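Q: One letter stands for each residue in the lines below.
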Amino acid sequence: MRREDVVDACVSALRRAETSLPSWVEDLIQSARDAEGDSLARSNLEAIIENIKAAAARGLPLCQDTGLPVFHILLGRKAELGFSLEESLAEGVRKATLEVPLRPNAVDPISRINSGDNTGPGMPALIVDLVDGRDLSITALPKGAGSENMSVIAMLTPADDPLEFVVRAVAERGGNACPPLFVGVGLGGTFDGAAALSKRALLRMPGSSPLELELLERINSLGIGPMGLGGDTTALGVKVEQACCHTASLPVAVNMQCWAHRKATSIVGEDGWSIA
Amino acid sequence: MEHRLRTPLSSVEVLFLKAGDIVWLSGTIYTARDKAHAQLFRWKDLIPLEGAAIYHCGPLLRGGDVISAGPTTSGRMARYASQVVDLGVRAIIGKGGLPGAADYLRGRAVYLAYPGGCGASAAGQLRLKGSFLPELGMAESIWEMEAEELGPMVVAIDAHGRDLYAEVRARACGQLER
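Quick note, the sequences are listed as chains F and P, same order.
Numbering of the first sequence is given in my numbering, commencing with residue 2 and proceeding in unit increments.
Numbering of the second sequence is given in my numbering, commencing with residue 56 and proceeding in unit increments.
In case anyone wonders, no lab produced these hints; they're calculated from the structure.
Owing to the predicted nature of the structure, the values given are computational and were not obtained by experimental measurement.
Each residue gets a CB set at the ideal place from its N, CA and C atoms; glycine is no exception.
Be aware that a few hints might be false.
Claimed, not checked - Calculated lysine to aspartate or glutamate pairs in the EDC-like style (CA-CA distance at most 20 Å, straight line): (1) F:Lys79 x F:Asp161; (2) P:Lys90 x F:Asp109; (3) P:Lys90 x P:Asp76; (4) P:Lys73 x F:Asp109; (5) P:Lys73 x P:Glu204; (6) P:Lys184 x P:Glu204; (7) F:Lys54 x P:Glu204; (8) F:Lys96 x F:Asp9.
To be verified - Here are a few chain F residues that sit away from chain P, every Cβ distance over 10 Å (derived from the structure): (9) Arg17; (10) Leu63; (11) Arg78; (12) Ser112; (13) Arg169; (14) Ile225; (15) Ser250.
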């Protein structure tokens, strides 16, 4: 595998994610617009659809908050990398910052000094899974602060109701996270594990299990609506990822994702790369 | 009801706006977010504030072009907002609302909600004119922009004490208590 292919595939996944939405996300937004009963809410959904068209027409980012670079990496166990994967992805981020362009968002948490290129300690953030084969799959999931700031984690006790916690989190905080939302839920595991599961849930949107559909219905009955200004459409999808937890614990994490569920995947093989 | 307004705004124009109305705003506006608000004491020496519109926005720019420029979450600037209104500002633009603002906006100013995430649309309605506090960087500087029918914006908190976000959140949380 060639290092320059990884860099180019990374830039390309970021560009695709920042300037267009997966078609199923657009379809969900349009269906919500058609079904929405509140006129103010419909006007907000209409504005979102216009924005998606404007970004596509100009090939420029949907939102000025181009997010922090988060990547889900599927690394083939037989992939031969003669170079640092982390470094080549960081180079892809630096290149994308200039070329797409992306807003420099990564700052030191104490000094608040901006690195200027969206990289630095811990950035880009990588979620890595090993899979069969020789290829490398790079999924960009740029994550803006508006929705990330409204995310929440709690160590509940076994007597608490975790589903109630999820619905309450959206009732209290969802209006700030640019609804209609995609709600990623991490249920069980450890403290850090629940948060990681909630981010993985965003990668597997939208959910369709009875539990996920029940949560979606309960969230939409809250009436928070697009942009928190009221309406029938508060969430477009809920996904729950679960793990076993300690008999004394009940960790639950809610990772909010705004309507702009930006996600795109490039695949790198031995002879080149392509965008999925 | 729909309104087409131009900055600077008069107190009468502001009183005419009712929660739920739609506004399209033209004229000069100023972006300001976290770091610019932390230096609020410098504003009156930099920009004309009487009747001004402040936009909670950290734009994405390239050269002199506005690439994407939707609103940021206003809640982070809520602690400064009463002082901003005291300086003469009559419209605060953002997303997500300003908790507790209805009281100090009363009779003086409005909060306008631009659709969150709609940075590409906003970029087509804004032109870069100048900058203040450039040392704060792209996202955090104060950018002077010329707006051409910036909108659609919802009057989310009006100058008569109505706050749509507070009403929606109270209904949602009330439902959970039942």
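Q: It remains to establish, for every hint, whether it holds in the given structure.
A: Hints, one by one, checked against the model:
Using a Cα cut-off of 20 Å, the hinted pair Lys79 (chain F) and Asp161 (chain F) is violated, with the two alpha carbons roughly 45 Å apart. Under the criterion of a C-alpha separation no larger than 20 Å, the hint pairing Lys90 (chain P) with Asp109 (chain F) is consistent with the structure, at around 14 Å. Distance hint between Lys90 (chain P) and Asp76 (chain P) is unfulfilled; the C-alpha atoms sit about 31 Å from each other, more than 20 Å. Restraint check for Lys73 (chain P) and Asp109 (chain F): the C-alpha separation of about 42 Å exceeds 20 Å, so the hint is violated.
At roughly 19 Å between alpha-carbon atoms, Lys73 (chain P) and Glu204 (chain P) fall within 20 Å of each other, so this suggested pair holds. Restraint check for Lys184 (chain P) and Glu204 (chain P): satisfied, since their Cα atoms lie roughly 16 Å apart, inside the 20 Å limit. With a CA separation close to 18 Å, the supplied pair Lys54 (chain F) and Glu204 (chain P) stays within the 20 Å bound. As the CA atoms of Lys96 (chain F) and Asp9 (chain F) are separated by approximately 9 Å, the hinted pair is consistent with the 20 Å bound.
Every C-beta of chain P lies more than 10 Å from that of Arg17 (chain F), the closest at about 15 Å, which supports listing it as non-interface. Non-interface status of Leu63 (chain F) relative to chain P is broken: a Cβ of that chain comes within 10 Å, the nearest being about 6 Å off. Taking the minimum C-beta to C-beta distance to chain P, about 38 Å, the non-interface status of Arg78 (chain F) holds against the 10 Å cut. For Ser112 (chain F), the requirement that its beta carbon stay farther than 10 Å from each beta carbon of chain P is met, with the minimum near 12 Å.
Not every beta carbon of chain P lies more than 10 Å from that of Arg169 (chain F), the smallest distance being close to 6 Å; the non-interface claim is violated. The beta carbon of Ile225 (chain F) is not kept farther than 10 Å from every beta carbon of chain P, the shortest such distance being approximately 6 Å. Every CB of chain P is more than 10 Å from the CB of Ser250 (chain F) (nearest about 24 Å), matching its label as outside the interface.
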